[in-house]
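Single-letter residue listing:
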Amino acid sequence: MNSVILVIASVLYLAFLFGVAYWAEKQSEKGKSLVTNPYIYSLSLAVYCTAWTYYGSVGRAVTNGIEFLAVFIGPTIMMPLWWIVLRKIIRICKVHRITSIADFISSRYGKNATLGVVVTLVCIGGILPYIAIQLKAISSSFLIVSRSSGDKIVDHLFWGDLPFYIAVALSVFTIIFGTRKIDSTERHEGMVTAIAAESIVKLMAFLITGIFVTYIVFDGFGDIFQKASLIPDLRKAFVFNNDGDFSSWFWHIFLSMAAVMFLPRQFQVAVVENVNEKHLNKAMWLFPLYMLLINIFVIPTALGGELLFANQSVNPDSYVLAIPLKFNQKLLTLLTYIGGFSAATSMIIVETIALSVMISNNLVMPVVLKSKKLQETFKGNLSNLVNNIRRTSIVLIILLAYLYYKTIAEHYSLVSIGMVSFTAVAQFTPAIIGGLFWKTGNRKGALIGLGVGTIIWFYTLVLPSLVGAGYFPQSIMDNGLWGFEILKPFSLFGLKGMDNISHGLFWSLLFNLGCYLYFSLTRNASSLEHNQAVIFVDIFEYSGQIENSSIWRGTAYLPDIQLLLSNFFGEKRSEKVLRLFAQKNKINLKNETADPRLVTYTEKLLAGVVGTASARIMISSISKEEKISTEEVINILKSSQELLSANKSLRKKSVELEKATSELKDANEILQRTDKLKDDFLTTVAHEIRTPLTSIRALSEIVFDNPDMEIEEREHFLGTVVKESDRLSRLINQVLDLEKYESGKQTLNIEEVDIQDIIKDSVDTLYQQAKEKGIKMVFMPDRFAPRFEADKDKLIQVVVNLLSNAIKFCEPQKGEITIVTHYVEGCIYTSIQDNGAGIDKKFQRLIFDKFFQAEDQTIKKPRGSGLGLAISKKIIELHNGQIWLESQVGRGSKFTFMISVV
Amino acid sequence: MKEQKLIVISILFLILFNFPMLAIFNNGGSINGIPTLYMYVFFVWTLFIGIIYNVLRKERNEKQRDE
Numbered sequence: 001m002n003s004v005i006l007v008i009a010s011v012l013y014l015a016f017l018f019g020v021a022y023w024a025e026k027q028s029e030k031g032k033s034l035v036t037n038p039y040i041y042s043l044s045l046a047v048y049c050t051a052w053t054y055y056g057s058v059g060r061a062v063t064n065g066i067e068f069l070a071v072f073i074g075p076t077i078m079m080p081l082w083w084i085v086l087r088k089i090i091r092i093c094k095v096h097r098i099t100s101i102a103d104f105i106s107s108r109y110g111k112n113a114t115l116g117v118v119v120t121l122v123c124i125g126g127i128l129p130y131i132a133i134q135l136k137a138i139s140s141s142f143l144i145v146s147r148s149s150g151d152k153i154v155d156h157l158f159w160g161d162l163p164f165y166i167a168v169a170l171s172v173f174t175i176i177f178g179t180r181k182i183d184s185t186e187r188h189e190g191m192v193t194a195i196a197a198e199s200i201v202k203l204m205a206f207l208i209t210g211i212f213v214t215y216i217v218f219d220g221f222g223d224i225f226q227k228a229s230l231i232p233d234l235r236k237a238f239v240f241n242n243d244g245d246f247s248s249w250f251w252h253i254f255l256s257m258a259a260v261m262f263l264p265r266q267f268q269v270a271v272v273e274n275v276n277e278k279h280l281n282k283a284m285w286l287f288p289l290y291m292l293l294i295n296i297f298v299i300p301t302a303l304g305g306e307l308l309f310a311n312q313s314v315n316p317d318s319y320v321l322a323i324p325l326k327f328n329q330k331l332l333t334l335l336t337y338i339g340g341f342s343a344a345t346s347m348i349i350v351e352t353i354a355l356s357v358m359i360s361n362n363l364v365m366p367v368v369l370k371s372k373k374l375q376e377t378f379k380g381n382l383s384n385l386v387n388n389i390r391r392t393s394i395v396l397i398i399l400l401a402y403l404y405y406k407t408i409a410e411h412y413s414l415v416s417i418g419m420v421s422f423t424a425v426a427q428f429t430p431a432i433i434g435g436l437f438w439k440t441g442n443r444k445g446a447l448i449g450l451g452v453g454t455i456i457w458f459y460t461l462v463l464p465s466l467v468g469a470g471y472f473p474q475s476i477m478d479n480g481l482w483g484f485e486i487l488k489p490f491s492l493f494g495l496k497g498m499d500n501i502s503h504g505l506f507w508s509l510l511f512n513l514g515c516y517l518y519f520s521l522t523r524n525a526s527s528l529e530h531n532q533a534v535i536f537v538d539i540f541e542y543s544g545q546i547e548n549s550s551i552w553r554g555t556a557y558l559p560d561i562q563l564l565l566s567n568f569f570g571e572k573r574s575e576k577v578l579r580l581f582a583q584k585n586k587i588n589l590k591n592e593t594a595d596p597r598l599v600t601y602t603e604k605l606l607a608g609v610v611g612t613a614s615a616r617i618m619i620s621s622i623s624k625e626e627k628i629s630t631e632e633v634i635n636i637l638k639s640s641q642e643l644l645s646a647n648k649s650l651r652k653k654s655v656e657l658e659k660a661t662s663e664l665k666d667a668n669e670i671l672q673r674t675d676k677l678k679d680d681f682l683t684t685v686a687h688e689i690r691t692p693l694t695s696i697r698a699l700s701e702i703v704f705d706n707p708d709m710e711i712e713e714r715e716h717f718l719g720t721v722v723k724e725s726d727r728l729s730r731l732i733n734q735v736l737d738l739e740k741y742e743s744g745k746q747t748l749n750i751e752e753v754d755i756q757d758i759i760k761d762s763v764d765t766l767y768q769q770a771k772e773k774g775i776k777m778v779f780m781p782d783r784f785a786p787r788f789e790a791d792k793d794k795l796i797q798v799v800v801n802l803l804s805n806a807i808k809f810c811e812p813q814k815g816e817i818t819i820v821t822h823y824v825e826g827c828i829y830t831s832i833q834d835n836g837a838g839i840d841k842k843f844q845r846l847i848f849d850k851f852f853q854a855e856d857q858t859i860k861k862p863r864g865s866g867l868g869l870a871i872s873k874k875i876i877e878l879h880n881g882q883i884w885l886e887s888q889v890g891r892g893s894k895f896t897f898m899i900s901v902v
Numbered sequence: 001m002k003e004q005k006l007i008v009i010s011i012l013f014l015i016l017f018n019f020p021m022l023a024i025f026n027n028g029g030s031i032n033g034i035p036t037l038y039m040y041v042f043f044v045w046t047l048f049i050g051i052i053y054n055v056l057r058k059e060r061n062e063k064q065r066d067e
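Protein chains in written order, with the numbering used here: chain A, 1 to 902; chain B, 1 to 67.
Everything labelled a hint here was simulated from the structure, so no lab data went into it.
Be careful, since some hints might not be right.
[Claimed, not checked] Partial pick of chain A residues on the chain B-facing surface, computed with a CB cut under 10 Å:
1. Leu69
2. Val117
3. Met291
Note that the Cβ used here is the ideal one computed from N, Cα and C, for glycine as well.
Bound-form chain B, shown alone (with noise of 0.2 Å):
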């Protein structure tokens, strides 16, 4: 299971941090004088290593709660 989370995490990551998704953030605009594409891109980074943590996290306890 935890192994399958995972690759589905790489896979959705590899998308969001590609084109097109980047294509729709490369528009030149920014948000509070910051580009948007540097916005996105980080933002995506944040957001990945949050998902990360709480997968493995909640992995943890079920193991835990298991044994």
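Bound-form chain A, shown alone (with noise of 0.2 Å):
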């Protein structure tokens, strides 16, 4: 294929990553984020699959069998633990704005800014060969699909090599969306966007060229094993063929369990650009699918690759291009150019981020604060020269990596340089894994162990490859340094029988973890320490309370805390973020001295610009910082925390005062209401007994006055006299009886009783006053009735009262009252209807208030108290029952009461 149309391939496809990363950042500025997403969070960290993936894994295949998968494997039984170990480590992260894994230890260890350099060094130095490589992948990949079309390509250096121009388009895109904020605690959207489209092109790509290979070119998974088990070379990789290979197997799942963390640019996009710890649910799943996926057809490939070079010299790295160009697939070629191009572009950017956020932060900007010339130098100008420093430093990274591949890198193939840059970084285990979970591991342990760790890394894993460079003389190699057997790079200590990777990786964590343990067990922490370990560890209970507490004691003034918060983020920003802050947390920004609180929460502030380091320094150049105990720390943490629950009970407990009052409120309305009713009852009962009195009165006073009145006169009055004594003494009596059941002091007499009975004796009672009236009287009983228990003198009362109404309403001569009892389904119901005036329908409920009658003076008055359907209403209520009337005008009223038997 014509080399022009691969660069116009690949400059198309670093045009659409720009257009992506532009879109996702035009997205999130409207509200519209993206990385909100999990499958993009989950997608992104498939980061974790380069060019070594994409070629390598291939050429692995062909030498070491299954060898290469454990590089997946490792990964893929880590990441249940990252919900144990990665959140823990995200939320750290969120909480003091850490940005990188050198900021990360550097901050455990009392903000060391020894460890920070030690950290980024390991990482330049373990990490700048791997970058190297991709350039490589990218280059060599170019070579092998132009040459195939005949073009002579010359390897120049610089000018006239396309992996410059590649290396040099990925600075561009690195710098404009890895730096255009200076606040690396702000995400970069953009770039996360499109390294996670670009995982999908690489999957995509891998899984085609697969399919091709596997189901094109040969006849399925059992063809081509079927195939490739006929040559013995092929069948050795079936399995594995000596006890070594299981440790080697083991050795390597370890090491990328550790490096799918520690790895920058692991770090970065799991950690430092995580929106939601809730993304990690989807991740667990999701990645390592995507790692099972990309590697189904890795091995048919590597076999059929095998299979169809057999005896000619192909690089077994460059299987997954030479197979389709053999194929003569010119489009399926380009694909596959494409997806490795993009497995290696993605790398490069997100690595070289990550290390040039540690650069500035923790190598260049310690020295700059920490020398006054310098700062005077760039005073009021901070900002800019982080920035500066990340450009210059993403360019420097991809230059030297550059430069790395055109001298070292050609002699190797792409799956050991990897490897090497994961024995690097696993370096960080103890310190980060101990940190996490170790209160006692101090700043000595881990700043021993991980120098130990890493000259051992270099000595093992480095130097034989300067060897094969020609940079040291070979007699290290064969004799050992110094002609020390004991001291062979391949064989420390005489140690034989594992793989160089195993055995680098055995020897280096071996000292490492043994130093790590051994100085945190026999040092001192200085205080600083021991309070960031209590922060560490326990962060899941302090997380709340760090932000608004401060763990800072001293003096400080807040112009200038003013003034180092301007340099970084403007004037108007920081004038902004430190008023909010104030107004949450009730400061008061008009005294001299600052507040502790201010001024923790600006160290935060700036540790997400420089880091913790810098951040530290800058602090205590502006204060006077007092020495804080770690019981302190912890009580200042204990006591917000005790403040907060205090709120939240203080809350609860006014809600609950908000709803007693509203209940009291409701009970005293009820209260008012039953007071106005008890002084209507008392001028009702007061205006009844007014005049039936002053007819006595009247009389009497008649009488008295008329000594010679005639007898029958006299008589008359009289008689007259004692009957309305009798209605007051009857309606006095009533009163105080209404009074008994309403304050429930009224008791019920209970018996046996049987309701013909009851019926019987009021006939009898008011018999004769119906039959001077010429009221007739039916009474049709229900004989299935049974006895029941009830007070028998008060529904006789009942019953006479409403035996005496029907009587009082009824027209003389005309009247007929019937009585029913009728028993349907344990109750028995009695129902006294008459043939009289009837009850309009909107009285008939409330006839059997007291006093009814009184309310409305319009009505016809009837005769009586007015309070015995009130008190006959009481006596049935009290045995359970219901009373009721149906009633017409015109055509009588239907008493009924209901009492439940059962």
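Join the two chains, each given in its own frame, into one complex according to the hints.
Below you can see the structure in the form of structure tokens.
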């Protein structure tokens, strides 16, 4: 294929990346952020799969069989533990605004600048070759494809060399989307989205190529394995051939478990760019699924390549490209090339951003900030300085990687360099894991462990490659350093039978961990280290409090703080930030001396920009600090926690109080209404009493004033006086009665009664009265009504009351009263029907109210106290029964009461 | 609870993916023409993804129910 087409394709692809990143940032500005999506997060994690996966796995599978898979099995096994380990790291980084792995380690061990430097150097030393092999992968894939069409490509350095231009383009991309914002806690949404897109591209490309090889060139998995099994050399790749293979399988798994978290690019996408801890849930199975998919066709492709190119000098690392080329599949070749290109570019972009942040925050800024002279030079312009340092380091890293590739990396296959890088970052394991779960781990332990581990790593894994490139004498490899057999880099201390990587990993980590534990246990930590240890290890307990409480003591002046912040964020923004924080925490900004919380907050803000160690340096330069012990720190955190819970319970109490108040208000209203009712009642009673009293008095006066009154007349008057007195006393008795019922003092005298007896007794009482008035009474009993428990006298009172009302309202001579008892489903219904005047519908419900007749004086006033029905109702209710009225004006009324027998 | 389940799964698969479990399938035989060792590794891998998916889904459902 023509190299021009390849160049155009590469440029178009890069343009596509720019487009995606730009679009994502625009979306985010519109508030439709794409990175809040767990799928984008999971896909961005696949930056783990580099060109090494893409091309190198196939090469590795040819020589070592299944062993290459260990690098993907390790992360798979690690994923469930991310919920415990990585979630904790994410939380810590969010609370402390930590933006790189160097910053994380330096912050944990007392915000120590030296540790930050060491970690950064290890990262640069370990990762630079790794970036270099990505460039190499781009370059060699380009050469393979373009040479196949007969283009004569000559390797030039710089101008005229495609990888150089790619490197330049990637630098531009990284600078644009990686350093736009100074505060690195603000995420690089464009970059992350572009990386996620690249992950899809490389997966698709690899799957399509794999399907082509497996199902079109060959006849499925079975066919390839069948054919390969006939060749003894290839059969060897089907199994682990010796015990050493199991051991290196294990060590590779172990190594990649560490690498998938601690590689700077992984830390960047998994921790720094994480928006929501819950995204881990999706990533936990999606990322392993991704790795499974991208590896399915690796072995068939490797075996297929071996079968197709037997005895030809084709590098196994290039089989992915060479097979489509052999079958003259131009489009597929181009697709495969782009897939590999995307794998390489995504790795370079993220790794470079991560490294540039480390270089600016942990290498350069501490130096600048410690030097008075340098600080003077950049005064008021620090944010630009930080950004420029990052931009410069991006260019430098990519340039150095390019040079490394041109000088050393040419001699090595892709995988070996990748593994060496893995081993370098694995050195962070004791310091990070120990730092997360073990409070005793201290700075000395971390520093010495890391130092010793790195030296052994260099000696066992890097030095041999330098010897191979001719920088050191071969004698070191053959006879050991200074001729000590025991120091041979590939069999240190006489350890043989392991592969180089496992060997180097074992020794370096053993000494690293040993030193970390020994010095942590034997040396004392400073108070700041102690404090950081507590905050890191117990992050889930305190993460809510750290933001708002001050774990700092000393004096600093507000103008200094303001100046410091405006140096980085500009005057407007820093003022706004300070005001918001002060408002939220009720801090008075008028005081000259700054509130400790404000100082802590400022330090955190600065840490987001220049790293923890640098922020520490700046804060100490403007303040007089006092030591604060770990106990105090814990107390401060605990007390703010208590304050928080006290606040919560206070709020709860006030809600309860509100509820009680409203209940009280309701009760008061009811009380007022009852009070009014009582008043009305009293008025009515007084009125009712006054009427008979007036007539008694008037009649008695007449009799008194006329001693010679006729005897008949006198008898008539006195008879009326007696009758009115009777009425008066009855009324008073009824009022007292009613009072008894209403206050609940009335008790029932329960005995077994028969409803027929009750009715007969009542009718007997009124028989004479009815007869006098010429009113007929009919009783229709229900013979099946059972006997039941009730107060006989009280029920007679009810029936008598209802009957006498009926008699009262019936016209003389025409009146007819029907009494019916009826037993249905455990209830006895007794109804008393008359053919009297009837009661208007609107009064039917009110009629049971006491003194109802008195309430509306305009209607025909019935005779009686007006309390009879009210008392009857109370009696029936006391028997758990009901009483009601059915009536029509002109057709008479029917009172019914129901009592449950059961 | 979720933490504990995840730790157990991790340990379980660390064992399934290593010696001596691997040695059982490292016999040079084949299933449908595909080497047993490859079959085993990819099978366990798929199983792992399924289990994690299920455990997390259950946890999420339980959490939603609790809420």
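Okay, the hints, checked on the actual structure:
Given hint, Leu69 (chain A) at the interface with chain B, holds; its Cβ is 6 Å from that chain's nearest Cβ, closer than 10 Å. Hint status for Val117 (chain A): violated, given a least beta-carbon distance of 34 Å to chain B, over 10 Å. Using the Cβ-Cβ criterion of 10 Å, the hint placing Met291 (chain A) at the interface with chain B is satisfied: the shortest such distance is roughly 8 Å.
The structure does not agree with numbered hint 2 stated previously, though it agrees with all others.
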